[in-house]
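Participant: Those sequence lines, one after another, are chains A and B.
If you're matching positions, the first sequence starts at 700 in the numbering used here and goes up one per residue.
If you're matching positions, the second sequence starts at 700 in the numbering used here and goes up one per residue.
These are computed hints drawn from the structure, not numbers from a lab.
Be a bit skeptical, because a hint or two may be false.
Which copy is meant is left open, so a pair is good if it fits within one copy or across any two.
Computed cross-link-like contacts, DSS-like style, restricted to lysine-lysine with a CA-CA straight-line distance of at most 25 Å [what the hints assert, rightly or not]:
| hint | residue 1 | residue 2 |
| --- | --- | --- |
| 1 | Lys712 | Lys875 |
| 2 | Lys761 | Lys908 |
| 3 | Lys760 | Lys743 |
| 4 | Lys761 | Lys745 |
| 5 | Lys760 | Lys908 |
| 6 | Lys767 | Lys712 |
| 7 | Lys875 | Lys895 |
| 8 | Lys800 | Lys925 |
| 9 | Lys800 | Lys921 |
| 10 | Lys925 | Lys887 |
| 11 | Lys745 | Lys908 |
| 12 | Lys712 | Lys887 |
| 13 | Lys712 | Lys800 |
| 14 | Lys800 | Lys743 |
| 15 | Lys761 | Lys925 |
| 16 | Lys800 | Lys887 |
| 17 | Lys745 | Lys875 |
| 18 | Lys875 | Lys760 |
Keep in mind the model is a prediction, meaning the values are calculated, not measured.
There are 2 protein chains.
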Amino acid sequence: MIYIIGIGPGGTKRMTLEAIEALRASDIIVGYKPYLSYVSEYIKDKETFSTGMTGEIERCKKALELEKAGNIVSVISTGDAGQYGMAGPILELMDEGTEYKVIPGVSAQYSAASELGAPIMHDVATISLSDLLTPYDLIMNRVRLASEGDFVISLYNPRSKSRVHHLEEAISIIRKYRDDNTPVGIVKNSGRDDTKITLTTIDSIDYEKIDMMTIVIVGNSKSYIKNDIMITPRGYENK
Amino acid sequence: MIYIIGIGPGGTKRMTLEAIEALRASDIIVGYKPYLSYVSEYIKDKETFSTGMTGEIERCKKALELEKAGNIVSVISTGDAGQYGMAGPILELMDEGTEYKVIPGVSAQYSAASELGAPIMHDVATISLSDLLTPYDLIMNRVRLASEGDFVISLYNPRSKSRVHHLEEAISIIRKYRDDNTPVGIVKNSGRDDTKITLTTIDSIDYEKIDMMTIVIVGNSKSYIKNDIMITPRGYENK
Chain A
700 MIYIIGIGPG GTKRMTLEAI EALRASDIIV GYKPYLSYVS EYIKDKETFS
750 TGMTGEIERC KKALELEKAG NIVSVISTGD AGQYGMAGPI LELMDEGTEY
800 KVIPGVSAQY SAASELGAPI MHDVATISLS DLLTPYDLIM NRVRLASEGD
850 FVISLYNPRS KSRVHHLEEA ISIIRKYRDD NTPVGIVKNS GRDDTKITLT
900 TIDSIDYEKI DMMTIVIVGN SKSYIKNDIM ITPRGYENK
Chain B
700 MIYIIGIGPG GTKRMTLEAI EALRASDIIV GYKPYLSYVS EYIKDKETFS
750 TGMTGEIERC KKALELEKAG NIVSVISTGD AGQYGMAGPI LELMDEGTEY
800 KVIPGVSAQY SAASELGAPI MHDVATISLS DLLTPYDLIM NRVRLASEGD
850 FVISLYNPRS KSRVHHLEEA ISIIRKYRDD NTPVGIVKNS GRDDTKITLT
900 TIDSIDYEKI DMMTIVIVGN SKSYIKNDIM ITPRGYENK
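Just chain A, with the same shape it has in the complex (with noise of 0.2 Å):
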């Protein structure tokens, strides 16, 4: 049984208690090694494998391995697995008759939300700006059609030490679309505690503040704050 798990953003209560369960359910655990610091109190006596951040792969491959010899194992992800997290490699790689289950957990999108306000109460186009997987071209192409669609806009990976431009790219397509006071929410390391919130106008964003661990929200044409609280309306037009 391999069960892929998403933990939440990475307190520990974010963590559905399904997630809980399947942790404690499970012989061996497997993840990125700060995120098994997230779980700890559930995986006490637990084996553990983890590898760095770029061994996904790796950790799939030997979370198959660990489950074909008759292991339970639990493969974890922070925010949803399903979600840029480790669900698509796992099932990718899994051969046919392999019992899995995927846990759904809080995704650092509506973690990041919920500590701004409501930003994402509307239709929202979620993208990375991450071009290790994904064409540079696709991604800015995305970018343009969410502005063009007035979409809330959820960018994740918005910044790195090798991806610099990335985030300054998408805001000035963004820009073309919205006024220069849309707001703009900026979480740092959701869900934890050290949790970092700024909230901002498109016009006005510290990219240097900003890096891997962050959460960058657009709001549509209708967002607005009050009260240092990001709001999206729910309703489009007053009825």
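Dock chain B against the given chain A, drawing on the hints supplied.
Facilitator: This is chain B only, laid out in the frame that chain A set:
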């Protein structure tokens, strides 16, 4: 204090510890009646206030009134409270200085995705087909732009008794951009005891089976079905 809680898709197993703690700490629980039953084990001795499905604004006002009177109030939504849930209306109506906390939950789309495999592994456009609060043309324009951008498309509120043709119209737009064999995952009552999962292709959808309790996930051009599992690859091109 007012807690605005996403209780997850319905089964208590997909609730977070944070949501359970907030319910336990509350004096009064406000929610749509069937949703109160999902959390009944945590609110046995609590006062409750409920209205019918379309009584959201009445519930919001009542919750804020109860909070002003000195109660700790929890307002519950299924899925995540911040996506088409109660977080928006509450925060829109709330007076400055009211103590509040939005508690994120496992959203319906990620719960449904977990039951299908890993259909939302890549960029996704999340769109509600209800035109109760959104102009019909804007909804269909978003469907068109999401199709053009090769987003995975996750459809909420796909079909109701008074809205039987929206989904067919949306699918006919998507089909202009995607192959006939594009995978479509349909999940009714995700996360509950009576979950019903259908895997099909975009040219073979049985519309009669789809209702308001259903999430429809249309794959992107790379999505596929393998051993009854719907997968959208994480990598867009082979590295």
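Participant: Does each hint hold? Answer for all of them.
Facilitator: Against the structure, the hints:
no.	hint	result
1	Lys712 with Lys875	neither (40 Å within a copy, 44 Å between copies)
2	Lys761 with Lys908	neither (36 Å within a copy, 40 Å between copies)
3	Lys760 with Lys743	within (24 Å within a copy, 46 Å between copies)
4	Lys761 with Lys745	within (16 Å within a copy, 48 Å between copies)
5	Lys760 with Lys908	neither (35 Å within a copy, 38 Å between copies)
6	Lys767 with Lys712	neither (32 Å within a copy, 27 Å between copies)
7	Lys875 with Lys895	neither (28 Å within a copy, 43 Å between copies)
8	Lys800 with Lys925	between (42 Å within a copy, 15 Å between copies)
9	Lys800 with Lys921	between (39 Å within a copy, 23 Å between copies)
10	Lys925 with Lys887	within (21 Å within a copy, 36 Å between copies)
11	Lys745 with Lys908	neither (37 Å within a copy, 44 Å between copies)
12	Lys712 with Lys887	within (17 Å within a copy, 28 Å between copies)
13	Lys712 with Lys800	both (22 Å within a copy, 14 Å between copies)
14	Lys800 with Lys743	within (22 Å within a copy, 31 Å between copies)
15	Lys761 with Lys925	between (49 Å within a copy, 21 Å between copies)
16	Lys800 with Lys887	between (30 Å within a copy, 18 Å between copies)
17	Lys745 with Lys875	neither (52 Å within a copy, 51 Å between copies)
18	Lys875 with Lys760	neither (44 Å within a copy, 38 Å between copies)
Violation of the numbered hints given earlier is confined to hints 1, 2, 5, 6, 7, 11, 17 and 18; the remaining hints are satisfied by the structure.
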